[in-house]
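One-letter residues, chain by chain:
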Amino acid sequence: MSENVYRRMTDLPSTHLLGGGTAMCAGCGGLQALHQIYDVMGEKTIFVNAAGCMTLLSIYPFTPFRGSWLYTSMASAPAGAQGVRDALDILREKGRIAAEDDLGVVVLTGDGAAYGMGLSSTSAAIDRGLDFLYLCYDNEGYGNTGQQSSAATPHAAHTATATGPSGHTGFKKDLFGLWVANRPRYAATVIGAEPLDLARKIEKAGRHSGPRLVLALAPCPTGWDFDPADTVEIGRLAVRTGIFPLKEYEDGRVVHTRVRRPRLPVEEYLERQGRFAHLFEPVRQQAVLDAIQARVDAYWAAVE
Amino acid sequence: MYRIRMHGRGGQGTKTAARILGSALFAQGFEVQDAPRYGAERRGAPMDSTVRAARTPIYERGAIARPDLVVVADETLVAVPAARVLEGIDAHAVLLLRSGTPGEVWQQRLRIDGPVLTLSDLPEAASATRFVGAACAGAAARLVPGVSREALVGAMGSELAGMSGSLRARSLEAGLAAWDAMAAHAGCVREGPEPSPGGTRPDWIDLPLDEARVAAPDVHAALTSVQVRTGLWRTMRPVIDPDHCKRCHWLCGSLCPDGAISVDPEGSVVIDYDHCKGCMICVVICPPHAIHAVPEARACEEGEGSR
Amino acid sequence: MTRELLTGNGAAAWGARLANVDYVPAFPITPQTEIIERLGAWFESGEAPGRMVTFESEHSMITAAGAAAATGVRVFTATSSQGLLYGMEMLYTVAGWRAPFVLVNVSRGLATPVTLESDHDDVLAARDCGFLQIHCATCQEVLDGVLLAYRLAEHERVRLPAIVNLDGFHLSFTREPVEIPAPEVARRFLPDFDPGAIRFRASKPISQAVAVLGGGPYSYFRYEMHRAAEEALAVYDEVEEGLARELGRRMPVVEAYRIEDAEIAFVMIGSFATKAMAAVDRLRESGVRVGLVRPRLLRPWPGDALRRALARVRGVCVIDQNLSLGRGGVLYAELAASLYGRPDAPVLVSFVGGLGGRDICPEEFFEMASVTREAVASGRAPEPRLLYTARELREVRKLQSVALAERHETAPGASRRGGR
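Residue numbers (the numbering used here), protein chains in the order written: chain A, 1 to 304; chain B, 1 to 307; chain C, 1 to 420.
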């Protein structure tokens, strides 16, 4: 296996592969992660897309990819990926394409599909040992339709379908835990605000074959209600408060790749976002804030 | 029937402006139909809304081909072909631009025979973006005959009810200031003629059969997105000060969501202004604070940042 | 009663609210999401006494809708396009449970290619599943249509779920004046839901939707659904009388606009039919005897009412905003079957347009009328036409020149090995 390329920040690329001119919002945390990932993965890839914000990356006749792309449906992108992977393998076996023409298969999905109706096809792809990278950009709601609650929406957040004083009554599903229970080859959480951690993990994922799943928290100015300029700061706070643990799963073990001590109080992350404004104004909802902090504390207590 | 089109960038309140105008007209007893028109547009990208008002039920729908009034919230949209600001404007149409440049200059520039009016910003220009919608609605309401100030106030009250108290008050102020600013042109908008049979016939064709290679929605090329100049979304431009730049491109280059920051062959960190959307992340995260935010209109004029 | 500017989505939400719906299984999809957001906000604030549950997909959402209706509550749901199709298996399944509810479809074109804009391919794909179908041309009809749909669906001689269709963007996001009836008026028209014998409770055990063996029993149950759907024609007229009495508005099964002395007629469904009305008015001013016939009910198919409306018309111009790939316009084929073999049947001319939100401009309506008059004069209909212009093709060719270009090297960044 080749050496790690990404050992220091200065190893990060100085030019970028993914084309500009896409319809993603200014400041999109998902696009930020995607372009970093594409730099590592390269253009010998086919991105198989499930319905979500990033479906609009390719609008006829425009595509930002140097490699390939297939839009499928909301629920079945992993099945589409299986079909492409199997067909490429058949073409290789039968000598109908050369090795250089092979492609790495990548599923690109939002949390709406990944945490919900896409679970069946994702789980089945892992069952079959599909050799693919599965990339979920998680902006914690159905972003493309106006930020309605999804199973990825954190407790108490305001969304288009959770407008009352308590916000979303559900709790964010532990998708990483679900994936790990399926025993994939590799799984990781990443965020664009931590580009070196991300690059190392994608590089590592690229050295494995089999099902490799990556969950990228995607701070969303439009959906979370903050100024696009703050995307990185909010991403860094997600990590430094411990709300979004950076970790990876490999060989049966989960390892945290960034452990900040002491953690910043979750409030510093929440107060920057309009979707949590009701926890502070007009009345401070201390009990809710304490409960959020307690859940984060409990997670890290179990880790440490 | 009055046919009105309102253009703006996503986030500038174009949809709200159309609803304020529509509600004001409705309160004055008109039959009204208003609708936003958007697809994949995001904050900053061009969009428009239509408002129709008549004394009898409205059967027409969809895009307005021959407007009586066109309101443009952001003058930079005139240069954006996709915004189609000038579509269908003829000599009878009134064009209202939010702009500091006089109307006569615009008339010459755009070779328009009909009236071109301008609405300059309020004194509190720094935060004016939030009130652009109200200002456009207030101005438009003054130009359409039969809309009273009371109806405008009522419409703003109901359409802006979701805003916080202080923001709502300032929106109202902006709307009424724009209403006042249009006094000299009150009621100048005229209803256009109805389409009638015997005019131009549609240029119908029998669609030829193309091979599947081209007839499938496939892009047989890479990177064609670079032809879309999302740089036109910007209202603020990040400019790198080369004297203070430490060339730690691994930060700004990685953290720019659109990959618009890279290192050129000479080793300088450069921003691709054709595609930079002006999110200002780079300005915020640059450790030596070597990137500054400059209003786009000024940057354009002064050639800031270009080499 | 108040008269307000409401979007079609807002009108649909009001219809559900005035129907006092108990349960709204939901899933977001453009362009219907505003409906569930409004209802959700009302439920949350207590302004309306219902419950909303978001599901993970439309297949699950429609299953839950049927199951809740079969348990005995009044159910409302909404979807569009890809979502309607994702749930297609369950549309057929729940219709056979004979537990009525209302599903609002906000019509939107189908992939491929993906679009957000309107046409009727989605709702017409569901025309065989057992749901009744009501098509609305205005935001007012959406509100009234939802109430009417509940009366119709829940009628003891029908007991089938119903789809109420409104066009995406052209109605869903467009505000028009809508009279919102007072709650007590709506309640006089539509009282509480009576589930009858189809419900779940411990005291009366019931096994619903069981399997069958044998063509005899299977056919019995399917034919009964069909009979019930046909019965909905007579029931519709009764219910519509009630609408006129209580709400003061009419929605006859077929709208016949300026048809009395018409020589030719447009036939259309949905919101673009009002554009046809505007064209009828302009053509009449120039001396053309033209009218519009618009079915509001599509399932059951109002064959008799259509035949009566078109009885003295010599040429019929059917404008389909849908396309059965490899066959043509759906309304055209269905209308042709209704008129086949009748003495003095009119000439039928077929146009397909308005797909994926493509506009149909006044000039096109005038030209379609002209073509239909020529067909009457010659006695022969031309081949069906797919509405498309030279200018539109030039625009597509420009896009294609980008899509078929050679590989670009204009962006910075050397190719990097990677991938697999």
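The set of hints was computed from the structure by calculation and includes no laboratory data. It is possible that part of the hints are untrue.
To be verified - Short, incomplete list of chain A residues facing chain C, as computed with Cβ under 7 Å:
1. Met117
2. Tyr142
3. Gly164
4. Pro262
Unchecked claim - Below, a list of computed lysine to any residue pairs in the SDA-like style, where the Cα atoms sit at most 25 Å apart:
5. C:Lys398 with B:Gly303
6. C:Lys398 with B:Pro202
7. A:Lys173 with A:Thr15
8. B:Lys246 with B:Gly303
9. B:Lys246 with A:Lys172
10. A:Lys173 with C:Tyr340
11. A:Lys172 with A:Trp300
As the list claims (entries may be wrong) - Label-pair restraints from in silico Cβ distances:
12. B:Leu209 with C:Gly341: 51 to 59 Å
13. C:Thr93 with A:Gly210: 34 to 42 Å
14. C:Arg327 with B:Gly165: 35 to 43 Å
15. B:Gly165 with A:Glu268: 49 to 57 Å
16. B:Asp90 with C:Arg222: 24 to 32 Å
17. C:Gly216 with A:His208: 28 to 36 Å
18. B:Thr56 with A:Ala277: 28 to 36 Å
19. B:His289 with A:Pro165: 38 to 46 Å
Don't be surprised by glycine CBs; every beta carbon is placed ideally from N, CA and C.
Original post:
Between Lys246 (chain B) and Lys172 (chain A), does the CA-CA distance stay at or below 25 Å?
Top reply: violated, 40 Å
Original post:
Does the Cβ pair Thr56 (chain B), Ala277 (chain A) satisfy 28 to 36 Å?
Top reply: Hint violated: Cβ distance 46 Å, outside 28 to 36 Å.
Original post:
Within 38 to 46 Å or not, the Cβ separation of His289 (chain B) and Pro165 (chain A)?
Top reply: holds, 40 Å
Subject >> Pair hint outcome, Lys173 (chain A) versus Thr15 (chain A) [Cα-Cα no greater than 25 Å] >> reply: Between Lys173 (chain A) and Thr15 (chain A) the Cα gap is close to 36 Å, so the pair fails against 25 Å, i.e. violated.
Subject >> Interface hint outcome for Gly164 (chain A) [beta carbon to chain C under 7 Å] >> reply: Cβ of Gly164 (chain A) sits 4 Å from chain C, so the hint holds.
Original post:
Is the Cα-Cα distance between Lys172 (chain A) and Trp300 (chain A) 25 Å or less?
Top reply: Roughly 16 Å separates the two Cα atoms, so the pair holds.
Subject >> Restraint check, 7 Å cut-off on beta carbons, for Tyr142 (chain A) near chain C >> reply: holds, 5 Å
**OP:** Verify the interface restraint on Pro262 (chain A): the C-beta must sit less than 7 Å from at least one C-beta of chain C.
**Re:** violated, 37 Å
Original post:
Is 35 to 43 Å a correct range for the gap between the Cβ atoms of Arg327 (chain C) and Gly165 (chain B)?
Top reply: violated, 59 Å
Subject >> Pairwise hint evaluation, Gly303 (chain B) against Lys398 (chain C), where the allowed Cα distance is 25 Å at most >> reply: violated, 31 Å
Original post:
Is Lys173 (chain A) within 25 Å of Tyr340 (chain C), Cα to Cα?
Top reply: violated, 58 Å
Original post:
Is the Cα-Cα distance between Lys246 (chain B) and Gly303 (chain B) 25 Å or less?
Top reply: Holds, at roughly 23 Å.
Hints 4, 5, 7, 9, 10, 12, 14, 15, 16, 17 and 18, counting from the list given before, are not met by this structure.
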